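We have chain A; now place chain B onto it with these hints.
The listed protein sequences derive, respectively, from chains A and B. So the first sequence is numbered by the numbering used here: it starts at 862 and just counts up by one. So the second sequence is numbered by the numbering used here: it starts at 9 and just counts up by one.
Honestly, the hints are just simulated from the structure, not real lab data. Worth double-checking, as some hints may not be accurate.
[What the hints assert, rightly or not] Computed far set for chain A versus chain B, every beta-carbon distance over 12 Å:
#1 923
#2 1078
#3 1084
#4 1157
[Claimed, not checked] Computed beta-carbon distance windows for the label pairs:
#5 A:1068 - B:211: 26 to 36 Å
#6 A:1003 - B:24: 48 to 58 Å
#7 B:289 - A:1068: 24 to 34 Å
#8 A:878 - B:163: 33 to 43 Å
#9 A:1036 - B:71: 50 to 60 Å
#10 A:862 - B:154: 38 to 48 Å
#11 B:163 - A:865: 11 to 21 Å
#12 B:71 - A:962: 41 to 51 Å
#13 B:289 - A:1094: 35 to 45 Å
[To be verified] Just a few of them, taken from the derived set where beta-carbon distance is under 7 Å, the chain A residues facing chain B:
#14 1086
#15 1096
#16 1099
The structure presented is a predicted model; accordingly, all values stated were derived computationally and were not measured. Using N, Cα and C, we set each Cβ at its ideal position, and we do this for glycine too.
Here's the letter readout for the chains.
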Amino acid sequence: MASYIARRLLWTVVLLLVITAVTFLIFYVLPTADPAALRAGRDPSPELIKVIRHQLGLDQSLPSQYWNYTKALFLHFDFGDSFINNTSVKSLIFDRLPNTIFLVLGAAVIWFVAGVTIGIVSAVRRGSFWDRLLMGGALVLISAPVYWLGLLSLYLFSDDIGRFHIFPGSGAYQDAHGFFAKCWALMMPWLVLSAAFSAIYARLLRSNLLETMGEDYIRTARAKGLPERRVILRHGVRSAITPVITVLGLDIGILMGGAILTETVFNIDGIGRLAFDAIQRGDLATIQGTTIVLAAGVALMSLVVDVIYAFLDPRVRY
Amino acid sequence: MAQPLLEVKDLSVHFETEDGLVRAVDGISYTVERGRALGIVGESGSGKSVSSMTVMGLSRASNARISGQILFDGKDLLNASEQEMRRIRGGEIAMIFQDPLSSLHPFYKIGDQLIEAHRSHNDVSKAQARDRAAEMLGLVGIPDPRGRLDSYPHEFSGGMRQRVMIAMALINDPKLLIADEPTTALDVTVQAQILELIQRLQSELDTAVVMITHDLGVVAEVTEEIVVMYAGRIVEHGSAETIFGAPQHPYTWGLLRSIPRLDTPRDQELVPIYGRPPSLINRPTGCAFHPRCPYVREAHKRVDPELAPAGNGDDGHTVACLLPAKTRQALWGALSAGSSPEEAREEVPIPEHEMSPSAHGATDAATPTGAAAVEEDGGAVAAGSSGEETHGA
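Bound-form chain B, shown alone:
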């Protein structure tokens, strides 16, 4: 396809607060093709919600500093007027949220809320909009759709409310649906139904989906491509198959090993990721994940990794980790064989100085000699040497 539907380029969203500059999103790039599904995974505070609210133009607070580029269907959304954004919001890009109870207005009938959504983008009569609303409720699997138009949100169960939200989001045939933690507030059985529904509608209506979640199980269900975010940046990006089969970032390993799976041996314990998400005001120096990384080396605390090819022959797979590709593969091998992070650390020698291509260009904060390494514009060799010099400084 010639032009991707959504192209986010080097997007940064910073908020100026009394406590300092909050780097909620710090230079992320991704693309979504028409009709495809992308998963954005990360903990709370990783910037995944802020980045999608920015796509919707809903993070334009007076203290927000937004830079980069968001191209939707060729249009630059960051420079679009409020008028244009309003046409796109709910029209071409729709969004559903975490808590379907609090996301619907408690005082209005759901029919009126759907009609409002439809009429604000289409020049149709109330009766036509009502028909459309009933059609959408039927499409998302609400029994007696016409009768339920006059019900209030509190008269629906949690799963049904999320169906109503989905119906409202899709009522104007958007090209892109952003789902921000759509199943987090729901029961597990209902979660599966909602995911199935989103998946069915995605293929039926040919809507692209961005699924934002902290739950890898959710993206595994729905998406083909996954972005893992940590502290406002993308730390790993690849196809769903790769992220689940051969992940390369210790944070992704942590996420994977902290959820139960049917194929893990029964006696294998779930391993939490220790520590807390980092402050977005005072980012840890070097690799932002280093305070929580079991495989950290001294140099990782100074060199800021950038997203680079994972070095496993998979073109679409990028990772921002300073560990050499071979070491990472060996570590994942040990972990997926059932070792704990401590055991894996003993089994696999982790080099002190050698670093992956992620170290490339990230040395500006470290040493002046780092700049020389950048100029060489080389791959692993130059990056490796820059790491050496960093360490020596």
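The shape of chain A in the complex, shown without the other chains:
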């Protein structure tokens, strides 16, 4: 197991190298605008641009730019400085990462619990009124875009501009102090972010569980005289939930790169907002930094998922 994890970590490093190369190519070789010109402000003199180019290292050859970039990244964990305001990208990211993690993990707990519960109820009461209602609702939530759902919920439930003053509205998270206040401030973003995920997980678990309940070992469990509740929860759900946990890990990894829409709608200073602003301003160093965070998140979480899987399914051997 340990050697497997070491091997996988090594691969993760290789993967990240490839990803930096690709982001480098995308953002440096095919720039949409000259970063130096953007940085220089309105009507810059050619000299100023040249100076800035030199400052940013953009006057060097591409390979040496990549080499410097990679060296700084891997040796010093240095993403360079933001093109816009000279702050180090590293500090920008680490300022915002906790907010994103808080948002994503909280939402993940909600959508996992909700999705699994709804999935079990639907599968057990298959074809019933509840099944139809829950699965119909799930379809609506899957189809609803986050920005629409977010704005709608702000319009309806936010305590400043909403029709019903229930939850703290947009921007409340920045002003909240203390763990529980922050949790309360994140309530609406959590619900909005978890809505579509809950629906997807519910459908996934439902179909997995229905398939599992047809398995021979479920028949065996019933033949042992176990109560139906135990047959479903201990024997059925135990198998049906395994693939759901895989998906959960990967989804969390992807969202570590920022829940851009949710963070934007609710004005949460997370990685997603950082990336969104950086793209708008052509801040290539920051774009690259957030991309690497996203890639590392996915790579790391897929490793975590594989390790967890070995515990969940004893048949998996490394």
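Below, chain B without anything else, positioned relative to chain A:
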């Protein structure tokens, strides 16, 4: 013995589906005495598995229509509450299945699965249940039983897994073990071991066994009494000796002649039963076996045979075939002398109109005059005449 352990009376299990009513089991009756073994033989779709799942109370789907009576130890299982059934399932009646790999939960250690089975019926501590589990694994011949408790199902071979299943089934000392195709998924050499094991445990623990299989070789090994099922009904019922020595139903003949035996001449070819098992939604009219029967007569397509004494002096031997007993005996004589079904048909004259007592009472679908024959309540004569009238109609 006063009361049989299991008594199935006129059991029917029908399923309502979008395509129509599936008559999976259509009025079967049999009994199992304490400590004895009964074999139920038939092709896939003959209703043999459904009938035993019904005994376990596991076919209670919302679309299932179950009628008849199942008496286990005097208790009516069809009217038992889910609570009572749960106590009986795995406690007094245990079951093992065809594929031991898919029948064990892949994610739990086999020790935990055995312990769960024991603890759900007995108020014992985990440690006691663990001891019992190890004892059972030893009993079914698994080496190092205590050590293997912590193994997962995939770490066992097919035969060993079936041993684990048997250990789990017998852990609560059931009175009845239902074995549903227990050897089908196993290698031939392992099959013999598993059958031997079941037989040994049956006599050691005095457990009654219902062995469900499509393989006559399997029941020959283990059981004293055999029921042959076709299309949801019993077509022949007798002692193992009779079923192998003097079978009376063309379907049983087909089953017997489609398996190789050591005592058949080397040059004799195996004869498959032609055609496919019938649809359980649209049963063939008359005798359900008639589309595949080499000895069919016109009247057999209209008269539905019922189980009647075979007419050979053997009380326990019943058969649902319209051929007259003499004709059947002659046909089997020819077949066991090595003739093919075609040759047997030429050697033995098969009467067009005369029918066996199986035709009795089965004419309701045929003609109104059939009812008169039923009223006479006679044996061969009345039945024969009813057949005549049927033909004339």
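Verification of the supplied hints:
1. With a closest Cβ-Cβ approach of about 52 Å to chain B, residue 923 of chain A is found to remain outside the 12 Å limit, as its non-interface label requires.
2. With 12 Å as the threshold on Cβ separation, the claim that residue 1078 of chain A sits away from chain B is violated: the shortest Cβ distance comes to roughly 4 Å.
3. The claim that residue 1084 of chain A is not at the interface with chain B is violated, since a C-beta of that chain comes within 12 Å of its own (minimum 5 Å).
4. The Cβ of residue 1157 of chain A lies farther than 12 Å from every Cβ of chain B, with a closest approach of about 31 Å, so its non-interface assignment holds.
5. Separated by about 47 Å at the C-beta atoms, residue 1068 of chain A and residue 211 of chain B break the suggested range of 26 to 36 Å.
6. In this structure the hint that residue 1003 of chain A and residue 24 of chain B lie 48 to 58 Å apart at CB is violated, the actual value being about 34 Å.
7. Between residue 289 of chain B and residue 1068 of chain A the beta carbons are some 28 Å apart, a value that agrees with the proposed interval 24 to 34 Å.
8. Remark: the range hint 33 to 43 Å for residue 878 of chain A to residue 163 of chain B is upheld by a beta-carbon distance near 39 Å.
9. Between residue 1036 of chain A and residue 71 of chain B the beta carbon distance is about 59 Å. The supplied range of 50 to 60 Å therefore holds.
10. For residue 862 of chain A paired with residue 154 of chain B, a C-beta distance near 26 Å fails the hint of 38 to 48 Å.
11. One distance hint, 11 to 21 Å for the beta-carbon pair residue 163 of chain B and residue 865 of chain A, holds here, with the actual separation near 19 Å.
12. The hinted range of 41 to 51 Å is satisfied by residue 71 of chain B and residue 962 of chain A, whose Cβ atoms lie roughly 50 Å apart.
13. Separated by about 36 Å at the C-beta atoms, residue 289 of chain B and residue 1094 of chain A satisfy the suggested range of 35 to 45 Å.
14. The criterion of a C-beta within 7 Å of any C-beta in chain B is met by residue 1086 of chain A, whose closest approach is roughly 3 Å, and the hint holds.
15. Taking 7 Å as the C-beta contact cut-off toward chain B, the hint placing residue 1096 of chain A at the interface holds, the least distance being around 6 Å.
16. A distance limit of 7 Å between C-beta atoms decides the matter here; for residue 1099 of chain A the minimum to chain B is near 6 Å, and the interface restraint holds.
The structure does not agree with the numbered hints 2, 3, 5, 6 and 10 stated previously, though it agrees with the rest.
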